[in-house]
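Undergrad: Start from the sequences and build out the full structure, keeping to the hints where you can.
Here the protein sequences line up with chains S and W, keeping their order. Residues 1 to 246 (our numbering) make up the first sequence, in order. Residues 247 to 748 (our numbering) make up the second sequence, in order.
The set of hints was computed from the structure by calculation and includes no laboratory data. A virtual CB, placed ideally from N, CA and C, is assigned to each residue, including glycine. It cannot be assumed that every hint is accurate.
[What the hints assert, rightly or not] Here's a subset of chain S near chain W, in silico, CB distances under 8 Å, partners left out:
hint	residue
1	Asn46
2	Asn47
3	Asn85
4	Gly96
5	Val98
6	Tyr101
7	Lys123
8	Tyr145
9	Asn159
10	Pro163
11	Gly175
12	Tyr179
13	Cys214
14	Arg238
15	Leu243
16	Tyr244
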Amino acid sequence: MVMRIDCKGMYYRILNKIIRDAINEGETEFILDNVNGQRYIGNGINNDVKITINGVPGNDLAMFMNGSYITVNANAQDGVSNTMNAGEIIIHGNAGDVVGYGMRGGKLYIKGDVGYRTGIHMKEYKKKVPLIIVGGTAGDFFGEYMAGGIMILLGLDKNEDTPIVGDCIGTGMHGGVIYVRGEIEEHTLGKEVSVFNLDKKDEKILNKYLKEYCDYFGFDFDELMSKPFIKLLPISSRPYGNLYAY
Amino acid sequence: MASQLPPEFIVKIDYDHCRRCRRCVMNCSFGCMQFKDKVVPDHKKCVACHRCVTFCPESAITIAKNELAYKENANWLPEVRQNILKQAETGGILLAGMGNPRPFQILWDHMLIDACQVTNPSIDPLREPMELRTYLGKKPNLLEFTDRNGEVDLATTLQPQIKLDVPIVFAAMSYGAISLNAHKALALAAKRSGTLMNTGEGGLHEDLYSYAGNIIVQVASGRFGVHSEYLNTSAMVEIKIGQGAKPGIGGHLPGEKVGEEISKTRMIPAGTDALSPAPHHDIYSIEDLSQLIYAIKEATDYTKPVGVKISAVHNVAAIASGIVRAGADVVTIDGFRGGTGATPMVIRDNVGIPIELALAAVDQRLRDEGIRNNASILCAGSIRNSADVAKAIALGADAVVIGTAALVAMGCRVCQNCYTGNCAWGIATQKPELVRRLDPQVGSERLSNLLKAWGNELREILGSLGVNSIESLRGSRERLRGINLDEQTLKLLGIKPAGIGQ
Numbered sequence: 001m002v003m004r005i006d007c008k009g010m011y012y013r014i015l016n017k018i019i020r021d022a023i024n025e026g027e028t029e030f031i032l033d034n035v036n037g038q039r040y041i042g043n044g045i046n047n048d049v050k051i052t053i054n055g056v057p058g059n060d061l062a063m064f065m066n067g068s069y070i071t072v073n074a075n076a077q078d079g080v081s082n083t084m085n086a087g088e089i090i091i092h093g094n095a096g097d098v099v100g101y102g103m104r105g106g107k108l109y110i111k112g113d114v115g116y117r118t119g120i121h122m123k124e125y126k127k128k129v130p131l132i133i134v135g136g137t138a139g140d141f142f143g144e145y146m147a148g149g150i151m152i153l154l155g156l157d158k159n160e161d162t163p164i165v166g167d168c169i170g171t172g173m174h175g176g177v178i179y180v181r182g183e184i185e186e187h188t189l190g191k192e193v194s195v196f197n198l199d200k201k202d203e204k205i206l207n208k209y210l211k212e213y214c215d216y217f218g219f220d221f222d223e224l225m226s227k228p229f230i231k232l233l234p235i236s237s238r239p240y241g242n243l244y245a246y
Numbered sequence: 247m248a249s250q251l252p253p254e255f256i257v258k259i260d261y262d263h264c265r266r267c268r269r270c271v272m273n274c275s276f277g278c279m280q281f282k283d284k285v286v287p288d289h290k291k292c293v294a295c296h297r298c299v300t301f302c303p304e305s306a307i308t309i310a311k312n313e314l315a316y317k318e319n320a321n322w323l324p325e326v327r328q329n330i331l332k333q334a335e336t337g338g339i340l341l342a343g344m345g346n347p348r349p350f351q352i353l354w355d356h357m358l359i360d361a362c363q364v365t366n367p368s369i370d371p372l373r374e375p376m377e378l379r380t381y382l383g384k385k386p387n388l389l390e391f392t393d394r395n396g397e398v399d400l401a402t403t404l405q406p407q408i409k410l411d412v413p414i415v416f417a418a419m420s421y422g423a424i425s426l427n428a429h430k431a432l433a434l435a436a437k438r439s440g441t442l443m444n445t446g447e448g449g450l451h452e453d454l455y456s457y458a459g460n461i462i463v464q465v466a467s468g469r470f471g472v473h474s475e476y477l478n479t480s481a482m483v484e485i486k487i488g489q490g491a492k493p494g495i496g497g498h499l500p501g502e503k504v505g506e507e508i509s510k511t512r513m514i515p516a517g518t519d520a521l522s523p524a525p526h527h528d529i530y531s532i533e534d535l536s537q538l539i540y541a542i543k544e545a546t547d548y549t550k551p552v553g554v555k556i557s558a559v560h561n562v563a564a565i566a567s568g569i570v571r572a573g574a575d576v577v578t579i580d581g582f583r584g585g586t587g588a589t590p591m592v593i594r595d596n597v598g599i600p601i602e603l604a605l606a607a608v609d610q611r612l613r614d615e616g617i618r619n620n621a622s623i624l625c626a627g628s629i630r631n632s633a634d635v636a637k638a639i640a641l642g643a644d645a646v647v648i649g650t651a652a653l654v655a656m657g658c659r660v661c662q663n664c665y666t667g668n669c670a671w672g673i674a675t676q677k678p679e680l681v682r683r684l685d686p687q688v689g690s691e692r693l694s695n696l697l698k699a700w701g702n703e704l705r706e707i708l709g710s711l712g713v714n715s716i717e718s719l720r721g722s723r724e725r726l727r728g729i730n731l732d733e734q735t736l737k738l739l740g741i742k743p744a745g746i747g748q
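TA: What follows is the structure, encoded as structure tokens:
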């Protein structure tokens with residue numbers, strides 16, 4: 001059974017309670033219509049449910065989420081996948097700032113652009129490796145403090161003179177990997193990261209996830225792969241190891 | 247570069263009594279005691295943790311200050327010159343452990359408590375009921391009741407409350423800063439004594455999940471080990487914004503301490519540095535803080551209080567007001583003497599304000615604004631004895647938080663070397679051979695004894711004040727008097743000078 005909720009004018013607490021209660025009673029699929037800024041949708045859900053959001057969800061979409069599948073048929077706001085543990089989110093539009101803060105697992109596919117501090121302090125542990133793919137461009141501090149996981153930035157459909165990403169990429173980065181489709185100017189890099197060439201393993205990763213990405217958004221995989229990628233890695237897993245006197 | 251640092255301490259061995267049992271050599275975790283046909287100390291390595299002194303069966307070891315390590319000078323004190331030498335040799339930021347040791351005035355010691363005489367009888371706490379029970383959480387503005395044919399029921403829906411049997415909770419100390427055995431001792435003691443321990447920001451080890459009802463789980467900027475199960479395995483969730491020992495500073499657990507178990511609990515790979523950014527990057531305003539408070543309330547289905555911990559800084563009262571308005575059910579204020587596992591010394595020793603002033607300012611501000619009942623106040627930052635507890639509660643705290651006092655109860659000698667990871671007492675270390683020295687059962691007994699003793703002393707104080715519950719002392723500044731304090735400080739504390747009656 002699919003539960004369809006008209007969210008027009010509905011306060012977020014009521015909406016999220018309806019969803020939580022329905023999940024507790026065994027509901028597994030939701031379609032939310034007329035969503036307009038309601039916060040915390042999918043917050044802390046531990047079950048394997050499917051939520052389709054028609055409209056723009058509010059901040060902290062899927063925060064602490066642990067294993068659901070969310071599709072947003074519009075833009076999303078700040079804090080998508082904040083401290084998310086598992087699950088999958090597909091956004092057919094842009095997303096705001098601090099997307100994927102402290103994300104620890106699951107996948108986040110964004111068709112359009114993202115704001116500042118995407119993937120800040122993302123981390124991984126053994127088999128839990130979070131993934132963010134951004135189709136468009138990104139703001140400053142992309143991958144700041146990144147401690148693990150994978151981020152892919154594609155720069156599709158951007159103007160020739162729009163930079164693909166802002167300044168201070170990977171500032172404080174000490175784990176994980178960032179792939180960027182195109183070139184990056186040296187001065188935009190944080191001092192803890194360097195540019196590396198791709199190897200076989202990287203190509204395998206890109207192939208796997210970008211095929212999935214293209215399927216979701218209807219992009220042409222070969223065309224997407226026709227432009228070269230670069231890889232950004234932290235220089236050290238302990239960037240501040242020598243800062244102190246004992 | 248050869249080090250020019252003179253030894254800070256001199257280890258004296260009484261060779262007439264030494265049995266050469268080498269127990270000191272085995273117990274020294276700083277590599278100071280060596281055995282070369284007799285025990286030979288390397289004075290430079292001694293940190294005065296007193297492990298060897300405590301365990302020498304012949305009491306043959308004494309540790310003395312290296313008196314003339316530096317020629318006397320009232321301005322260029324030994325510690326000042328020692329720090330310059332360290333920095334000249336390394337170019338590093340000086341690290342420090344525990345709380346601010348500098349000789350600032352301790353305001354608790356300038357407050358005196360009232361007692362009853364003749365006109366208002368005191369109470370004997372040994373023979374009369376004396377209530378220490380305290381509830382943490384948002385209290386309603388008013389209570390409404392329904393009356394159905396004489397059967398009265400509460401109509402007001404109460405917000406989640408935590409019951410404390412004693413108004414003292416254990417401070418946030420992460421698994422990482424302290425050992426798992428120390429965490430276990432705190433959890434066991436919290437359960438036995440009807441109070442709470444606080445995970446700090448390093449996540450909660452699975453072995454402690456069964457103590458959920460006595461645990462505050464912390465959400466800090468690094469979000470280590472934070473997931474929905476963690477949030478729900480608790481009595482309360484606390485958002486850590488600041489810590490008294492390091493206001494405005496993030497955390498940094500060095501990779502050496504991130505072994506297999508910490509790695510699993512923090513959910514990061516073993517051997518990597520665990521960096522906590524200075525701010526939460528989803529909180530740049532009171533509105534953003536409110537967003538995180540309600541994100542946690544959503545994730546815990548509004549079943550638990552959500553607290554916010556800040557350090558005591560100049561503008562603490564206005565900040566606390568914002569925090570309460572943002573929806574926090576508990577506000578923890580940590581004064582500038584609060585402890586730390588590791589922090590830049592320059593921050594620990596120079597940033598923040600005393601908890602006594604911060605507490606008085608926050609309580610007054612919340613009262614003035616009519617929102618004091620919206621949140622409980624926890625007072626932290628060097629609460630040393632039950633008198634400090636009573637004074638804090640009279641100044642307006644709902645309960646107090648003890649960190650250093652709890653560590654001392656477990657064996658800590660305040661040698662202030664927590665950041666080295668070599669704690670000889672098995673507390674601030676992750677080395678298995680050292681961690682094993684702290685038995686969680688013994689540690690918890692010592693902690694429970696401390697709480698029991700302080701609880702009984704509080705009952706004595708309440709009895710002498712002629713009240714029979716801690717509730718009656720809360721915010722009752724009329725029962726405090728200041729001694730040797732200037733007028734401005736008295737005004738800020740909201741208390742009269744000793745010698746003035748009603």
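Undergrad: Does each hint hold? Answer for all of them.
TA: To see whether the hints hold, each was checked on the structure:
1. With 8 Å as the threshold, the beta carbon of Asn46(S) comes within range of chain W, its nearest partner Cβ sitting at about 6 Å, so the hint holds.
2. Interface hint at Asn47(S): violated, since its Cβ lies 11 Å from the closest Cβ of chain W, which is beyond the 8 Å cut-off.
3. Hint status for Asn85(S) relative to chain W: holds, with the closest Cβ pair at about 5 Å, below 8 Å.
4. With a least beta-carbon distance of about 11 Å to chain W, the hint placing Gly96(S) at the interface is violated under the 8 Å criterion.
5. Proximity of Val98(S) to chain W holds as hinted, the smallest CB-CB distance being about 5 Å (cut-off 8 Å).
6. The criterion of a C-beta within 8 Å of any C-beta in chain W is met by Tyr101(S), whose closest approach is roughly 5 Å, and the hint holds.
7. Below 8 Å, beta-carbon pairs count as interface contacts, and Lys123(S) has one with chain W at about 5 Å; its hint therefore holds.
8. For Tyr145(S), the shortest C-beta to C-beta distance to chain W is roughly 6 Å, which falls under 8 Å, so the interface hint holds.
9. Below 8 Å, beta-carbon pairs count as interface contacts, and Asn159(S) has none with chain W, the closest being about 28 Å; its hint is therefore violated.
10. Annotation: interface hint on Pro163(S) violated; nearest CB of chain W at approximately 22 Å, more than 8 Å.
11. Satisfaction of the interface hint for Gly175(S) is found here, the shortest Cβ-Cβ separation to chain W being roughly 6 Å, below the 8 Å cut-off.
12. Because the smallest distance between the Cβ of Tyr179(S) and any Cβ of chain W comes to about 20 Å, over 8 Å, the interface hint for this residue is violated.
13. The interface hint given for Cys214(S) is broken, as the beta carbon of that residue sits about 31 Å from the closest beta carbon of chain W, more than 8 Å.
14. Taken as an interface hint, Arg238(S) checks out: its beta carbon lies about 5 Å from the nearest beta carbon of chain W, inside 8 Å.
15. A distance limit of 8 Å between C-beta atoms decides the matter here; for Leu243(S) the minimum to chain W is near 6 Å, and the interface restraint holds.
16. A distance limit of 8 Å between C-beta atoms decides the matter here; for Tyr244(S) the minimum to chain W is near 5 Å, and the interface restraint holds.
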